[in-house]
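Colleague: Sequence:
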Amino acid sequence: MGQIVGAMQSNVAEAFGSRRKRRRSTDSTDSEEERERTKQQNASPKKKKLLTTTQYIYKALFKEEKNSDVSVMAMDKVWHLHKVYLSQSPYFFTMFNGTWKEAQQNFVHIKILDERITVESLDAVFGSMYSDEIEIEANDVIPVLATATLFHLDGIIDRCAEVMADTINAETAIQYYEAACQYGVISVKKSTFQWFQINLLSIYNKHPNLLRHISIDLMNLLTASHDLYVLQTEFSLYTLLRTWMFLQLHPHYDPEDPVQRAEALKTQERLTNAGVETNTPSMDVAQWTYFTNRMEERSFLATPEGQPYVRVFQRLRTQYLTNHYMDLKIIFNDNIIPKEWLYKHIHSHWDALLRIDHHQEDGSCFRNPLHLDDEQFFENCMRCGRLLTEPGYQKWRWTGFNYGMDLILIMDSRRLNIRRHHRHEHERVLSLQTKRKFMIRTTITSINAQRQPVFTQSSDIITLNLEKNEEVTLMVLDPKLVHPLLISINMLLVMPPNQSFKEIVPQSEESNMSAADRPISEIGGNCERSLTPASADDSAVFVASGDSETSTPSTPASARRLPIRYNWVHSDEEALCRDVAC
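With the numbering used here as the guide, the letters of the sequence shown map in order to residues 343 to 924.
Please note: incorrect hints may appear among the correct ones.
Capping the alpha-carbon separation at 27 Å, the derived lysine-lysine pairs in BS3-like fashion look like this [claimed, not checked]:
1. K810 <-> K737
2. K453 <-> K425
3. K425 <-> K405
4. K737 <-> K777
5. K408 <-> K425
6. K443 <-> K408
Derived from the structure by calculation, the hints contain no laboratory data.
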């Protein structure tokens, strides 16, 4: 028994002893590694960040102006600089190394003619030649760009272009576009123009004091663009152009001023009490009064005041202003666009309807749509658009008579469809052809918080041949398209007519038109009559003469142009579908 206990004690002692040995061995190994690491750290040189060479040069030579060999004076300020650093600019390199007198002088006077250049921008650009970086704030980017362009510093110009592209918004877009055109920065010109195409109708109709600063040249290009996102229809663009033209003609009018807003509201109340329907919000009453109270028969574009804006309205797709009754009434009452244009469009619409009715075999007015090239399509297509802020099922139509087709757009999940809606109980006049053919292109753009385009998906121009109530898919959305989404649709429903008559703006328009010459949209504008004739003798349409209570058929006499008063009755469906989803 004693031997067994002794053996156990011996084994326990050996076990603990070996464990202590292993621990001492491990500890010694860790200590050796730490000593080796410390030795290496002590052997390596210590690095302490000091003032860099670039920072020293900037501080000593530019800020403290040490050892200057040339003084540069501009805008009443003198900089004591160095020719070797200034020669990085081709402007100064040529000056100091050529046969110019400044090459032998130590004083240079630069006369600044560009009003965009400031003392601060000159200081920033001179300082950048002593450093490897430059800080450019959005508020200062145009003066810096102007200065860099003067001195031909391409690196700074590229940096300015990057800042401008990142900071395009409603307040900067106009200035950036003008600066890009002046200084030849093509990338900024393209990006700002694209921003205008997307946001012109959705942003600037809410900011009239920004809208008035868009130049005639820029507005002309935007109005002509087939990539313009027209929200909702061409009539929306017309009202924007009317407001823009009025604001340019009245630079002191401020629709956002509380005093002028109150005055406009009172004017609208007086007109309403007098029974005059303006069909316009109170903030637009001033422009409505300006255009409708003119005492001339000729269109506003034919007047000296309107002549500078003719080419802009020539780019407007005026053929799509005559396919809605309310729109046509307002346009006739404004008398901005020559009536000759509108009469031609009304004639071409009727002609197209007759051709559609005649071609009953294939239900199409396109003889061969494949022969209609892209340029012809884009020059003549209808432009419609819509903003979708959130995902989900949405359905809508755009207003106007589309040659007997009621076309409905449907956004369902990640798919955009179009449907030729056809129901017998529908109030609109619908085409009875089994199939109808038309051309269409779809573009959808995702925008960020600054309303800059993030991703755009476009389809080709396709020809659809839809049966009644047939629905087809226009586009399956790319996963990169996230809301909010801007949808732009280009459609061509009939073969485009000749638009060459718009090249001429009649300087005078006949006021003594017979009833037969006057379009039906103008007949009965100022007369009141019951919707149902009292007898068969009263069923003929005629124009009331003067203020006589007895209405007899007669030829309207010459008279000055007066505002027209209308009492409109809308069906619930038309009111619902004018600007909102069905």
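Colleague: Now look at each hint and say whether the structure bears it out.
Modeller: Structure-based check of all given hints:
no.: 1; hint: K810 <-> K737; result: holds (18 Å)
no.: 2; hint: K453 <-> K425; result: holds (19 Å)
no.: 3; hint: K425 <-> K405; result: holds (16 Å)
no.: 4; hint: K737 <-> K777; result: holds (22 Å)
no.: 5; hint: K408 <-> K425; result: holds (13 Å)
no.: 6; hint: K443 <-> K408; result: holds (24 Å)
Hint violations for this structure: none, all hints satisfied.
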